[in-house]
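Trainee: What follows is the residue order along each chain.
2 protein chains.
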Amino acid sequence: MSSTTRPRYQICLIGSGGVGTIASVVLTKSGLACVTTVLRSKYNYVSQHGWNIESIDHGTLHGWKPHRLVSSARDAATDENGEPIEYDYVVVCTKQLPNKSPVTDMISSVMTPGKTTVVMIQNGMGIEQEIISMWPENAVMSSVSHIGSSIKEPNVVLQIGKDVSKMGPHFHDGLDDAKSRERAKAFVQMYVAGGCSVCEPVDDIQVARWEKLLWNGTFNTVCALMRMDVGEVQRSKGRETLLVPMMWEIWRIANAAGHHMPESIVSWMAYRLPDDCSYRPSMLLDLENGRPMELEVILGNPLKTAKELGVDAPIMTTVYKFLKLEEWKIDQKI
Amino acid sequence: MSSTTRPRYQICLIGSGGVGTIASVVLTKSGLACVTTVLRSKYNYVSQHGWNIESIDHGTLHGWKPHRLVSSARDAATDENGEPIEYDYVVVCTKQLPNKSPVTDMISSVMTPGKTTVVMIQNGMGIEQEIISMWPENAVMSSVSHIGSSIKEPNVVLQIGKDVSKMGPHFHDGLDDAKSRERAKAFVQMYVAGGCSVCEPVDDIQVARWEKLLWNGTFNTVCALMRMDVGEVQRSKGRETLLVPMMWEIWRIANAAGHHMPESIVSWMAYRLPDDCSYRPSMLLDLENGRPMELEVILGNPLKTAKELGVDAPIMTTVYKFLKLEEWKIDQKI
Numbered sequence: 003m004s005s006t007t008r009p010r011y012q013i014c015l016i017g018s019g020g021v022g023t024i025a026s027v028v029l030t031k032s033g034l035a036c037v038t039t040v041l042r043s044k045y046n047y048v049s050q051h052g053w054n055i056e057s058i059d060h061g062t063l064h065g066w067k068p069h070r071l072v073s074s075a076r077d078a079a080t081d082e083n084g085e086p087i088e089y090d091y092v093v094v095c096t097k098q099l100p101n102k103s104p105v106t107d108m109i110s111s112v113m114t115p116g117k118t119t120v121v122m123i124q125n126g127m128g129i130e131q132e133i134i135s136m137w138p139e140n141a142v143m144s145s146v147s148h149i150g151s152s153i154k155e156p157n158v159v160l161q162i163g164k165d166v167s168k169m170g171p172h173f174h175d176g177l178d179d180a181k182s183r184e185r186a187k188a189f190v191q192m193y194v195a196g197g198c199s200v201c202e203p204v205d206d207i208q209v210a211r212w213e214k215l216l217w218n219g220t221f222n223t224v225c226a227l228m229r230m231d232v233g234e235v236q237r238s239k240g241r242e243t244l245l246v247p248m249m250w251e252i253w254r255i256a257n258a259a260g261h262h263m264p265e266s267i268v269s270w271m272a273y274r275l276p277d278d279c280s281y282r283p284s285m286l287l288d289l290e291n292g293r294p295m296e297l298e299v300i301l302g303n304p305l306k307t308a309k310e311l312g313v314d315a316p317i318m319t320t321v322y323k324f325l326k327l328e329e330w331k332i333d334q335k336i
Numbered sequence: 003m004s005s006t007t008r009p010r011y012q013i014c015l016i017g018s019g020g021v022g023t024i025a026s027v028v029l030t031k032s033g034l035a036c037v038t039t040v041l042r043s044k045y046n047y048v049s050q051h052g053w054n055i056e057s058i059d060h061g062t063l064h065g066w067k068p069h070r071l072v073s074s075a076r077d078a079a080t081d082e083n084g085e086p087i088e089y090d091y092v093v094v095c096t097k098q099l100p101n102k103s104p105v106t107d108m109i110s111s112v113m114t115p116g117k118t119t120v121v122m123i124q125n126g127m128g129i130e131q132e133i134i135s136m137w138p139e140n141a142v143m144s145s146v147s148h149i150g151s152s153i154k155e156p157n158v159v160l161q162i163g164k165d166v167s168k169m170g171p172h173f174h175d176g177l178d179d180a181k182s183r184e185r186a187k188a189f190v191q192m193y194v195a196g197g198c199s200v201c202e203p204v205d206d207i208q209v210a211r212w213e214k215l216l217w218n219g220t221f222n223t224v225c226a227l228m229r230m231d232v233g234e235v236q237r238s239k240g241r242e243t244l245l246v247p248m249m250w251e252i253w254r255i256a257n258a259a260g261h262h263m264p265e266s267i268v269s270w271m272a273y274r275l276p277d278d279c280s281y282r283p284s285m286l287l288d289l290e291n292g293r294p295m296e297l298e299v300i301l302g303n304p305l306k307t308a309k310e311l312g313v314d315a316p317i318m319t320t321v322y323k324f325l326k327l328e329e330w331k332i333d334q335k336i
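So the sequence lines, in the order shown, correspond to chains A and B. Start counting the first sequence at 3; every next residue gets the next number (our numbering). Start counting the second sequence at 3; every next residue gets the next number (our numbering).
Misleading hints may appear alongside valid ones.
Given that identical chains are not distinguished, each listed pair holds provided it fits within a single copy or across any two copies.
[Stated by the list, open to error] Restricting the straight-line Cα-Cα distance to at most 30 Å, the calculated cross-link-like pairs of lysine-lysine (DSSO-like) are:
1) 306 / 154
2) 331 / 187
3) 239 / 335
4) 154 / 67
5) 239 / 326
6) 31 / 214
7) 306 / 67
8) 331 / 164
9) 102 / 181
10) 323 / 239
11) 239 / 44
12) 323 / 164
These are calculated hints, taken from the structure and not from any lab test.
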């Protein structure tokens, strides 16, 4: 089957950092989609020079661009002739900062009610609910992505870790589960066709989110608060005194919420990296650079769930409160 | 009554920082004591130039010295002729670092069993037990001191806050309570005679220690961990989210241990300083300068008590664990 006979999905991808740019590459390479990527601060440079990409999954790409680059979601709403575009998928790859830049605001100009599926390639918990409330008949799905990819100024992307993603729909009352599944399945097919390293469709995407939170809620937050890399936290025994007990708090909240993870996952998550690992997680980099952190979706929302379900999470609560003080410090400097 | 008719107590004072040097001044000025002060790192400079002191309680003193300066407790054990001295009081004003420099090691050469009273002008909890175990027939007392006094290099002492002390004996089985009281009373008399601003004798010195811990266990530790001054913690609402809940943990441990403080003390402690207060507590200064912190006596020992008594203290526990990681970082640099 040649690519001209394939259906072409209209895709708008928002947020072209390390994760989003590789997602643009995968979706463009699939041959199944027409990809419009929204770039904000880097639009002028990248629209002129394209991206220079070194990727463990996709090799070396010089001056690479998706089908179309725009500088705002409003510009993405119409084509070059000013005709409105009805997108099949809006893929959100931005940082999750619900208090500062809610996703609902960000995507509203490219959403067609009843049609556009929202794909969230983002961290944290409880991030789908506002979208479902705003567009109750649209499908919403998540990709929980483990990928090592980062931007080097001005237009270089280095993907050193393979893209391993779990994808699945967020079922809700406004749409038949079958339709939610169908939209998710078509997206997974694009991802597989585009050369994603591993793309696993799952029926309970919340379990995948809680699994990732075992890492993001612990290593990410403690490394940030302590200004320590992963290996330092491990060598100082912070893993045993703080991270593992925090992981059990997360495990118990997930379990109380009906998302069961095997008990063995805690030690797997805690002990999978070597003690000389110098990785500095995203929240630590944000803190060091005075940028906003994804604190609300990584700790705030899970703690709301814990409270609703009556699960004690004293270490997470204390870490959350300390990181709120770090946020206050960042806000003083802006 | 002239000073020649007064009894002269032999006093050895160890640790001549901001607190210890003012204690040397008070005891020397009392006219009731012969004071030998042990100075370590500053011995050479101060034995030549004396101290230059600006004191809210004692005025300006140039080139001031106590009766005798020595560079080690071993040197303090004998007089200028090599004759042993039997001290009436050993006054300990050092930092409390039980794992690095135990007080029992520090004072052993100047202790006369059954005679010498140990006076601890030090922070923290559970600091008297080892001394009582080692010298079971000696009196042990504490001074819980609120004083604003600091050293400026090389030999300048600035006392900007009045010396307000509560003093009382640690009663124990090896000595009649009456004798413990008598030794404490004589020491208080010296302090009053020497011009201490306020020196209040108390019968339950443990309550005074827990009261001070309400501050030291909270502002001191949280300011250190967050690298924030007192006003910053207050303005960021860290007082409400972290300090006050921690103060209640301390209050409950003290209460369970039989040391009752009025409930009103928590808000008094939490709200007595203004929101623009730029005070940087001692533990924060230690951390910033890579020096050992008094973590074990300020949080470690109260948490042992909490565990023995079955009192939950989750915030204190988490803060303790985070500060242990800070200790690990300091140890890596030594």
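Trainee: Hint by hint, note whether the structure agrees.
Mentor: Going down the list of hints, with the structure as the test:
1. 306 / 154: neither (36 Å within a copy, 49 Å between copies)
2. 331 / 187: neither (44 Å within a copy, 48 Å between copies)
3. 239 / 335: So residue 239 and residue 335 pass the 30 Å test across copies only (17 Å; inside, 33 Å).
4. 154 / 67: within (17 Å within a copy, 62 Å between copies)
5. 239 / 326: both (24 Å within a copy, 9 Å between copies)
6. 31 / 214: within (27 Å within a copy, 66 Å between copies)
7. 306 / 67: neither (41 Å within a copy, 61 Å between copies)
8. 331 / 164: Answer is neither: 35 Å inside a copy and 33 Å across each miss the 30 Å cutoff.
9. 102 / 181: This pair counts as neither: shortest intra-copy Cα distance 32 Å, inter-copy 66 Å.
10. 323 / 239: both (22 Å within a copy, 10 Å between copies)
11. 239 / 44: neither (41 Å within a copy, 37 Å between copies)
12. 323 / 164: neither (34 Å within a copy, 35 Å between copies)
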